[in-house]
Amino acid sequence: MITFTSFPSSPGGEYDAVRRHRETDNDMDVDFDDDDDFSSNRLRLTLPGDYLTSSQAFMRGHGTYVHEDQVVASVAGTVERVNKLITVRAIRTRYNPEVGDLVVGRITEVQPRRWKVDANSRQDAVLMLSSVNLPGGVQRRKLESDELQMRNFFEEGDLLVAEVQAFFSDGAMSLHTRSLKYGKLRNGQLVIIPPILVRRLKSHFITLPCGVDLILGLNGYIWVSRHIKASDQAGEEGFDAEAVYSNQNDDIDEPTRGAIARVTNIIHVLAAHFVPLTDTILLEAYEWSVEQEEANKGLFQEDVAEALVASLHSRS
Amino acid sequence: MSIILPGEHVPARHVNLKLGPGLLQLSSPDKRRGIADEGLGIISTKAGTLHHSTNQSKWWIENNSRRYVPAQQESVIGVIILRSGEGFRVDIGSAHTASLDGLAFEGATKRNKPNLKIGCLVYARVSLAHKDMEPELECFDAQTRKAEGFGELKEGFLVRCSLKMSRLLLDPKHFLLPLLGHRFPLEAAVGMNGRIWVNTKEMKHTIAATRCIEAVDPDGGGMDERGVKEFLNALDVE
Amino acid sequence: MGSRVEILNEGGFRSDGRRQYELREVTIDLSQQGQADGAAVITHGLTRVMVSVFGPREAKSRSQTIHDRANINVEVAISPFSAGERRKRSRGDKRILEMAATIKSTFEPVVQTTLYPRSQIDVFVQVLQQDGGLLQGCINATTLALVNAGIPLLDFVCAVSGGVYSTSPMLDLTLLEENDLPNLTVAVMPKTGKSTLVTMETRLHVDRFEEIFKLVCSASHALHQEMKDAVRVRTTSLVTAMGTTQSNVGGDTMMDES
Amino acid sequence: MRPPSPSIPEKEFLFASLKASLRLDGRQPLQLRTPELTFGPELGWVECALGKTRVLAQVDAKMVKPPPERPFEGMVSIHSEISPIASPEYEFGRASEEEVTMTRMLDKVLRRSDTIDKESLCVIAGQRVWHVRLAIHCLSDEGNMLDCACLAGIVALRHFRRPEIEVVGDEVTIHDPTERAPIPLAIHHSPFCFTFAFFADTSIPPILDPSHLEQRLSAGLVSIALNAQREICVLQKLGGVPLAPDSILNLVEIAVSRAKELDRLVDDKLKVDWSGRRVEFR
Numbered sequence: 000m001i002t003f004t005s006f007p008s009s010p011g012g013e014y015d016a017v018r019r020h021r022e023t024d025n026d027m028d029v030d031f032d033d034d035d036d037f038s039s040n041r042l043r044l045t046l047p048g049d050y051l052t053s054s055q056a057f058m059r060g061h062g063t064y065v066h067e068d069q070v071v072a073s074v075a076g077t078v079e080r081v082n083k084l085i086t087v088r089a090i091r092t093r094y095n096p097e098v099g100d101l102v103v104g105r106i107t108e109v110q111p112r113r114w115k116v117d118a119n120s121r122q123d124a125v126l127m128l129s130s131v132n133l134p135g136g137v138q139r140r141k142l143e144s145d146e147l148q149m150r151n152f153f154e155e156g157d158l159l160v161a162e163v164q165a166f167f168s169d170g171a172m173s174l175h176t177r178s179l180k181y182g183k184l185r186n187g188q189l190v191i192i193p194p195i196l197v198r199r200l201k202s203h204f205i206t207l208p209c210g211v212d213l214i215l216g217l218n219g220y221i222w223v224s225r226h227i228k229a230s231d232q233a234g235e236e237g238f239d240a241e242a243v244y245s246n247q248n249d250d251i252d253e254p255t256r257g258a259i260a261r262v263t264n265i266i267h268v269l270a271a272h273f274v275p276l277t278d279t280i281l282l283e284a285y286e287w288s289v290e291q292e293e294a295n296k297g298l299f300q301e302d303v304a305e306a307l308v309a310s311l312h313s314r315s
Numbered sequence: 000m001s002i003i004l005p006g007e008h009v010p011a012r013h014v015n016l017k018l019g020p021g022l023l024q025l026s027s028p029d030k031r032r033g034i035a036d037e038g039l040g041i042i043s044t045k046a047g048t049l050h051h052s053t054n055q056s057k058w059w060i061e062n063n064s065r066r067y068v069p070a071q072q073e074s075v076i077g078v079i080i081l082r083s084g085e086g087f088r089v090d091i092g093s094a095h096t097a098s099l100d101g102l103a104f105e106g107a108t109k110r111n112k113p114n115l116k117i118g119c120l121v122y123a124r125v126s127l128a129h130k131d132m133e134p135e136l137e138c139f140d141a142q143t144r145k146a147e148g149f150g151e152l153k154e155g156f157l158v159r160c161s162l163k164m165s166r167l168l169l170d171p172k173h174f175l176l177p178l179l180g181h182r183f184p185l186e187a188a189v190g191m192n193g194r195i196w197v198n199t200k201e202m203k204h205t206i207a208a209t210r211c212i213e214a215v216d217p218d219g220g221g222m223d224e225r226g227v228k229e230f231l232n233a234l235d236v237e
Numbered sequence: 000m001g002s003r004v005e006i007l008n009e010g011g012f013r014s015d016g017r018r019q020y021e022l023r024e025v026t027i028d029l030s031q032q033g034q035a036d037g038a039a040v041i042t043h044g045l046t047r048v049m050v051s052v053f054g055p056r057e058a059k060s061r062s063q064t065i066h067d068r069a070n071i072n073v074e075v076a077i078s079p080f081s082a083g084e085r086r087k088r089s090r091g092d093k094r095i096l097e098m099a100a101t102i103k104s105t106f107e108p109v110v111q112t113t114l115y116p117r118s119q120i121d122v123f124v125q126v127l128q129q130d131g132g133l134l135q136g137c138i139n140a141t142t143l144a145l146v147n148a149g150i151p152l153l154d155f156v157c158a159v160s161g162g163v164y165s166t167s168p169m170l171d172l173t174l175l176e177e178n179d180l181p182n183l184t185v186a187v188m189p190k191t192g193k194s195t196l197v198t199m200e201t202r203l204h205v206d207r208f209e210e211i212f213k214l215v216c217s218a219s220h221a222l223h224q225e226m227k228d229a230v231r232v233r234t235t236s237l238v239t240a241m242g243t244t245q246s247n248v249g250g251d252t253m254m255d256e257s
Numbered sequence: 000m001r002p003p004s005p006s007i008p009e010k011e012f013l014f015a016s017l018k019a020s021l022r023l024d025g026r027q028p029l030q031l032r033t034p035e036l037t038f039g040p041e042l043g044w045v046e047c048a049l050g051k052t053r054v055l056a057q058v059d060a061k062m063v064k065p066p067p068e069r070p071f072e073g074m075v076s077i078h079s080e081i082s083p084i085a086s087p088e089y090e091f092g093r094a095s096e097e098e099v100t101m102t103r104m105l106d107k108v109l110r111r112s113d114t115i116d117k118e119s120l121c122v123i124a125g126q127r128v129w130h131v132r133l134a135i136h137c138l139s140d141e142g143n144m145l146d147c148a149c150l151a152g153i154v155a156l157r158h159f160r161r162p163e164i165e166v167v168g169d170e171v172t173i174h175d176p177t178e179r180a181p182i183p184l185a186i187h188h189s190p191f192c193f194t195f196a197f198f199a200d201t202s203i204p205p206i207l208d209p210s211h212l213e214q215r216l217s218a219g220l221v222s223i224a225l226n227a228q229r230e231i232c233v234l235q236k237l238g239g240v241p242l243a244p245d246s247i248l249n250l251v252e253i254a255v256s257r258a259k260e261l262d263r264l265v266d267d268k269l270k271v272d273w274s275g276r277r278v279e280f281r
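Protein chains in written order, with numbering that gives the first Met the number 0: chain A, 0 to 315; chain B, 0 to 237; chain C, 0 to 257; chain D, 0 to 281.
Pulled out of the complex, with its shape left as it was, chain A reads as follows (with noise of 0.2 Å):
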């Protein structure tokens, strides 16, 4: 039989299992949960159904349900505990917000006074009219006229980076763009990988030598942009609402959009085999592949792909 497998082929994805009989069907439970030694350094797996600890002992964290006085798990993924907080973090789920955090966003709908974004999480983003500059510098009121032409700032589509303010009652996370950093995306191309595999840094402006900004959204959205040098982004007195809430691309040069590709390539290789995106590790996977001087569709090459991941282990 010839077999297909789509480009993302993950690890330990197919799993084959033996044929059972019942009658010589043994229980053999590798048990990773039989003993109650949180206070081992070791990471513990388990799988929704599993019994974790007592309730009595401990708090019940993300991830756990109480039953019958009996911390269960009701998701698969990695125990983790602080103090008498059990919690169980999810390995692939959607994101979940936390304030302060950066996100990058689509807008998916333009109500009155607010849009709503997509931003990868269990509710779509509320941003308030309130919450963006305004054209006409930062200390601007909002004005009734603007309320009319909201689409002129952000129309169903674009793409933004913002950072989560606070939440709603009902959960929903509402966002902010009041700072020169944030506000509409131009110039580049958007990634989506998993959101566990963007971790919190420093910075997640991150500026790559050969020409390329990256924004590293928490919530799994990248966008991969031509690099734009500090001195162009005008300063507070100078806030210019031509160019933060253009529509147009700046002319991008050949090299540039080469780079930008291959960035992107990496970001996507790498999310695949599942590899934690930070800076250090994607200035790295960039030097690897101009090294290899591989065509930049080369990348997807299973072989190549692999060799890629397996330089960067063994390089940390």
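Calculated directly from the structure, the hints in this document are not laboratory data.
There's no promise every hint is true.
Simulated DEER-style distance windows between Cβ atoms [said to hold, decoys possible]: (1) D:K61 <-> C:E84: 26 to 32 Å; (2) C:S217 <-> D:E260: 30 to 36 Å; (3) B:T108 <-> A:E146: 25 to 31 Å; (4) B:T108 <-> A:R199: 38 to 44 Å.
All values reported here derive from a predicted model rather than from experimental measurement.
Just so you know, even glycine gets a beta-carbon here, dropped at the ideal spot from N, CA and C.
Starting from the structure of chain A, add chains B, C and D where the hints point.
Relative to the frame of chain A, chains B, C and D by itself:
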């Protein structure tokens, strides 16, 4: 009181005539058919019983429908179905949902609004009823700003009945509520929209009250006083 | 039509060489499928079902939002080429609608929907090959896809089908057996042993029912083991992949399992 | 617009009283509302009421040519539909979940469990067979419409009588009921459906034949269709609260005893109706 069918003429005449539900004054009395002779050209639009006030200034038709049409100043029981920024949307069984301002409660201020959850019951008064606008409710007296019994109804049970039954129970001379009150302590709120809230100390009392209301409802059993007494005796309410 | 085929021969073997209480071979593939938040492909012998889960995400329409919990939306599609006879079923087919409603209500009490008010969880079930035990395949694949998507579940849900040939109970029926025998499908939550789903559509005496019902319940534990192992292998490989490059970014834990 | 879900006080009161085994209509948890069967002027016309839930079932039969793959069997078809007449919760157009469940369930209980002997409906093999059509109309939904519809359906089938026929060679003569007494359908068994409702709070006992409010607030239904001979025809628990195997077997036992009672009741009613009718045909 007489039974009237849609389209019949109503002999209402008064200098200060007020027409209630089910009555309509034709805009131009049709002289060719000689209708003008029969009064002011007032006809009925519903089947029911025709009533008028003692001085014949107010006329209305009562009938036994189940669909509630809001009218100003009537007390109703509603269910909160949505919380919005300033207030609540309330289902009162009418064609449209009603709105209830978060400030229309006793002691409510901009900072301190009542925290009603979706699914809560409220006893409220219709403050605005207009055919082209959605009805509005309030849970206090707009002048005194006192609750006067309006507000959230906690615990208890909601009985749905015909509108006729609601009106019957509002009549202080009707036998049912005193009869029930004689058997066990009982709290009740009667909404004109065919909803009656009852609360007692014991669950079986609430169930008994519920079943009696359903039995007496002219749209259902139409049981009389003696029947209810026997029915209550048959139920175990002690 | 099946009268020529011996359902259970004198040697105690079934038409495909299995014993009475033997389940068919199970394979589970949990690798990423497109943009789905979680996906699983399960095969029970020649029955093959793929499920993709999206969400929890913003509800598509306002009428589908529930103010205090997430809405689970299930859509089932049966590929026209999945059975011996090519046949296209419309989306409005009552049997498909019933199956979707069944899967939805099977998982509603298992998924912790109250954690995601006003959201929506989309479950897309695609039947690729069918050879009996369709519902069991759909339910098992949905469980695995939900686990894979990191959606909190109270427990696994493991479904197994069974039937009775005159007086002999049998497990995990093929299409051939399903057409000839009274059969039932049971979905069990192994931790408590309680079942969320029981369906039987053919006439069977109460006493026979009791026997096969209990047998199917116990068989589900064997399947639970298979499903747990698959998820564990998948999770371990992902954690390992993440862990090996994480030491230089301040990872504080290391795997001691390999 | 669907009516809003029941209010919090209604919900809490119902749960509290069910926990104390009290039902709002005064029934025991496992007590059925006594079915009222009204027979119409025609044979096979039955109106069944469980409390305020009402379903009308009507059977007729006509002669058709059988499909080539089954030349020796008659045909049975069931038409059912839940329209907004039953309750404002139902909409026209797209089939609601309840309608899908009910249609499928009626099909399984009355048709696929071989209630009617299809071979007895054959007149001339490959040429002429009876096509029995059962139409179910849901008139009003006050809870548990499924059981009511199944009951109406099976009673209508047992009440129905088809005209007597005579076959001479290839000639078929259908005798008018006034000439020769019509004959009942050959029925193998009479399945009855029983629906139990469960609640999210497991300390509330299961209840049989839920009312509308009970059904709305329940967290799972189990429907068991069986006949008085202890044969389960359909057992269906489509999701909802997880149940221990023993409690499911328990429900089966309860349904077995209820089926025997109901079977007797239906027999009596049919007998009474038939004895009243015989006069007409003299």
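Return holds or violated for the Cβ distance of T108 (chain B) and R199 (chain A) against the range 38 to 44 Å.
Roughly 42 Å apart at Cβ, these two residues keep to the hinted range, so it holds.
Indicate whether the distance between the beta carbons of K61 (chain D) and E84 (chain C) respects the range 26 to 32 Å.
Given about 30 Å between the Cβ atoms, the range holds.
Please check whether S217 (chain C) and E260 (chain D) have a Cβ separation lying inside 30 to 36 Å.
With Cβ atoms ~34 Å apart, the hint holds.
Is 25 to 31 Å a correct range for the gap between the Cβ atoms of T108 (chain B) and E146 (chain A)?
Given about 28 Å between the Cβ atoms, the range holds.
Going through the hint list in order, the structure satisfies each hint without exception.
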